[in-house]
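Chemist: As a plain string of letters, each chain reads:
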Amino acid sequence: MLGHTGVTVREAGPGDAVGGVLPRWVARPESVDEISVVLAACADADLAVVPAGGRSKLGWAAPPERADVLLDLSLMHDVLEHVAGDLVVRVQAGIPLARLAEILAKAGQELALDVPFPEATVGGTLAAPAPGPRAYRYGNARDLLIGVTVVLADGTVAKAGGKVVKNVAGYDLGKLFTGSYGTLGVIAEATFRLHPIAADRCWLTFECEGWEDAGVLMRSQLEPSAVEIDRPAVGMSMVAALFEGPAARERALVARELLGGGEVCAESPPWWGRPPGEPLHSLRCRVAPHIPDGVSVRGSLATGVYLASGPADLDAWRSELPGHARLVGLSGEVTGDRWGPNPSLPLMRRVKERFDPGRRMSPGRLAGGV
Amino acid sequence: MTVIDRLDALFPPDRVITDPVRLRTYECDGLTYHRATPMVVVLPETTEEIAAVVKVCAEFGVPFVARGSGTGLSGGALPRSDGVLIVTSRMRRIISIDLDQRRAVVEPGVTNLAITEAVRDRGYYYAPDPSSQQICSIGGNVAENSGGAHCLKYGFTVNHVLALEVVTPNGEIMEISEDDFGYDLLGAFVGSEGTLGIATKITVRLMRAPEAVTTLLAAFPNIEAGGQAVSAIVGAGIVPAAIEMMDALAIEAAEAAVACGYPPEAGAVLIVELDGPAAEVESQLAEVIAICVGTGSFEQRVAASADERAKIWKGRKSAFAAVGRISPAYIVQDGVVPRTSLGEVLAGIDALQVEFGIRVANVFHAGDGNLHPLVLFDDTAPGEGHRAEIVSGRILDLCILHGGSITGEHGVGVDKARYMPRMFTDADLDTMQRVRCAFDPGGRSNPGKVFPTPRLCGEVPRVRKGSPGEIF
Ligand SMILES: Cc1cc2nc3c(=O)[nH]c(=O)nc-3n(C[C@H](O)[C@H](O)[C@H](O)COP(=O)(O)OP(=O)(O)OC[C@H]3O[C@@H](n4cnc5c(N)ncnc54)[C@H](O)[C@@H]3O)c2cc1C
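Note that the protein sequences, when read in sequence, are chains A and B.
Counting in our numbering, the first sequence runs from 63 upward without gaps.
Counting in our numbering, the second sequence runs from 2 upward without gaps.
Okay, chain A solo, but in the shape it has when bound (with noise of 0.2 Å):
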């Protein structure tokens, strides 16, 4: 029995299924030793152990092959330390986003992460990674982290990084496990590099026909922080940039002018940021992508990374994209070959195997049985 390492743990319910696969127990961890406790224990009677944080993306990718214990972070939700002079904060994996960025803002700071689920964990976000607008200009959650500790399947407590920006020393096991999705071992800690929060914000906002080419904005000298596209399945899509920093609306204005018209707003739209819906797709694609009848498409026409709901037969679809683009169904039913190709999926493997030979960890989430 764990009753002696005082880690709480109950007996699953309908709630905690993981795409579908219902675990035996939950356990919530208050500390990275009681992680580590709960994966010594399971590694000891090879149970198969998936992480979750705020549940927002655990239907996301595969379905585990097995699942044994959901390790619950949720009652890991501190800030270990925040030392705004750096411009650095260490959290506990499973604190919710929003509730960092309400801390963070007392300090005129911010993760500068958008993310799309509100009730997502930074354990989550690193695991599951999903693109936001101001990617563009501030990169993913892999360029913001700059620290991380992380528990493997047999026990075993690592940390990489630091809590300086700046740092070459060893391997950088938090971009490692950055799109892990729970497969090589569990998030704990993470430290990340904040932002200023802009002193101003502006949106300008225009109507299109189908796909625009954002190829204006990017060529001016503008520095927009993002550039986002909203196509519906249906009717007129819409593109909205932002601008940030002391001279927000003059650079709006001035891109207005460039772009023949648009409206300039210091309010986001409505969508701006948010998933199109179910079942979800990610998109990765550098040109003016073919986009099926009946999909809705959101994302960056800066970065060629995009979310895509509808439905849609996916190996049709991929046949209709260049060479380079990537397809793959995040959540919902999924037609078609999930996954697509994937030319680092021979070397995914070997790591999967060195980190959890056991295949205890979230087995299966990923391609190729990873």
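Among these hints, one or two may not hold up.
[To be verified] So, partial list: chain B residues that the calculated Cβ filter (under 7 Å) puts toward chain A:
#: 1; residue: Tyr125
#: 2; residue: Gly172
#: 3; residue: Ile177
#: 4; residue: Gly188
#: 5; residue: Ser232
#: 6; residue: Glu281
#: 7; residue: Asn371
#: 8; residue: Glu385
#: 9; residue: Leu402
#: 10; residue: Gly404
#: 11; residue: Ile407
#: 12; residue: Val413
#: 13; residue: Asp427
#: 14; residue: Thr432
Since the hints were made in silico from the structure, they are not lab data.
Because the structure is a prediction, the values reported are computed rather than measured.
Quick reminder that beta carbons are idealized off the backbone N, C-alpha and C, glycines included.
Once you've looked at the hints, dock chain B with the ligand against the given chain A.
Modeler: Coordinates of chain B with the ligand only, in the frame set by chain A:
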């Protein structure tokens, strides 16, 4: 058949070097006090040739080391006397440039600056700018995750590399890209110092040149006042493209070497560069000047032209070499501290100077707390080199004590492998070793670098089985 016979069969004679005199060119990188003569040097021209060499190494169980331009400062490209040195200097083609997609694909031997030069007249550039950018290779930058003065705002190599073609230590050619769904293998490879394989094609992000750039040189009576200005600038929510600081000794050296004309009475100078849309830069410049004056700066110069900007930077960019003018020998240290600990750490370095009778010139990327103390010594004076090494090591201890890092951009290499256990536990290092074993189970790719005690990649542990009932 020997390894050399096999390489001779694969390459024309001018691209396999075994002549001892010619081999000496490759004995060391920028860290010249570690030297070794490689068994053989090869100069491949294609990915396939690199893969072929690596396969020969695998077949014979021989280690290999990649080398770009050899400007590394941690002995990363130090050859193995029992191994093959694979030099990328003949792989200098820019394969493609796509300004619409703001990306370029280049071979590993292309110099950092050559990328910017290829697109500058069309208004684009490649952001990471190590001071060595005229010579260092992009492959070396990828291996070291190199930074530069402008990484405060724009990030490091890892934030600007979008995809790689790599030759794995088994000799397979693989692609890893930010577009891959799953583990961020690209992020793990960048900064791995040549220990996970060889990058043979690099896709980098190009950036649109900023509308306005302005460079300010502010002179302060002492380093504390300069440090306060840095904190106040950051505290005001300004993210300059660069904030660099030099102390009196570094200023003296730079003056002697390149006559940069910094105010001679300055105890410290700060170089602050702002870039971006003109309206933004203008308002921030006024704010930064006010902050500098408020924290005790007695002179401020704003570069009015590209020439003047270059002149301000000249002193800073030549600082490493310049200390050669005021000291027969020196160690370039590279450590990082949280910005808020800068004052304490600099005071600690002062104390070390007094304790050991060794002078230290300070040059640093103040915005991100990356220190480059230059530890000066006379290599002809008995014991001084040893004392300088102690001071250099103690500076790293100070960095670790304040929650910093033993290297911000020069890498661990051979030089700092022994310091890794001061920053990381055995469990941390063993976990990193799992990555190594996944990529390079034979331990042939740049062995002896980064990690203090290379472990063998043994059998993967067997799965243990038990009954769940015993636990819950
Ligand atoms: C005067 C001076 C100033 C410097 N300033 C800076 C600075 O501002 N910022 C900074 O970050 N660094 C700086 N450096 C350090 C150095 O220039 C960088 O580390 C640079 O990236 C090394 O590039 P290189 O081509 O010379 O690599 P090398 O020294 O040849 O090799 C460095 C490492 O990369 C590996 N490697 C090389 N090519 C490949 C490849 N294709 N695939 C895999 N591994 C490879 C090598 O095995 C070795 O481990 C400076 C050095 C000098 C001498």
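Chemist: Now tell me, hint by hint, if it's right for this structure.
Modeler: To see whether the hints hold, each was checked on the structure:
1. For the restraint placing Tyr125 of chain B at the interface with chain A, the shortest Cβ-Cβ distance is roughly 10 Å, beyond the 7 Å limit, so the hint is violated.
2. The interface hint given for Gly172 of chain B is broken, as the beta carbon of that residue sits about 13 Å from the closest beta carbon of chain A, more than 7 Å.
3. Annotation: Ile177 of chain B was flagged as interfacial toward chain A, and the flag holds, the nearest CB pair being 5 Å apart, inside 7 Å.
4. Below 7 Å, beta-carbon pairs count as interface contacts, and Gly188 of chain B has one with chain A at about 3 Å; its hint therefore holds.
5. For Ser232 of chain B, the interface hint holds, the least distance from its beta-carbon to any beta-carbon of chain A being 6 Å, beneath 7 Å.
6. Taking 7 Å as the C-beta cut-off, the interface hint given for Glu281 of chain B holds, the closest approach to chain A being about 5 Å.
7. For the restraint placing Asn371 of chain B at the interface with chain A, the shortest Cβ-Cβ distance is roughly 5 Å, inside the 7 Å limit, so the hint holds.
8. Annotation: Glu385 of chain B was flagged as interfacial toward chain A, and the flag is violated, the nearest CB pair being 28 Å apart, outside 7 Å.
9. Interface hint status for Leu402 of chain B: violated, as the beta-carbon distance to the closest one in chain A is roughly 13 Å, over 7 Å.
10. Interface hint at Gly404 of chain B: satisfied, since its Cβ lies 5 Å from the closest Cβ of chain A, which is below the 7 Å cut-off.
11. Using the Cβ-Cβ criterion of 7 Å, the hint placing Ile407 of chain B at the interface with chain A is satisfied: the shortest such distance is roughly 5 Å.
12. Taken as an interface hint, Val413 of chain B checks out: its beta carbon lies about 6 Å from the nearest beta carbon of chain A, inside 7 Å.
13. For Asp427 of chain B, the interface hint is violated, the least distance from its beta-carbon to any beta-carbon of chain A being 10 Å, above 7 Å.
14. Taking 7 Å as the C-beta contact cut-off toward chain A, the hint placing Thr432 of chain B at the interface holds, the least distance being around 4 Å.
Checked against the numbered hints above, the structure breaks hints 1, 2, 8, 9 and 13 and satisfies the rest.
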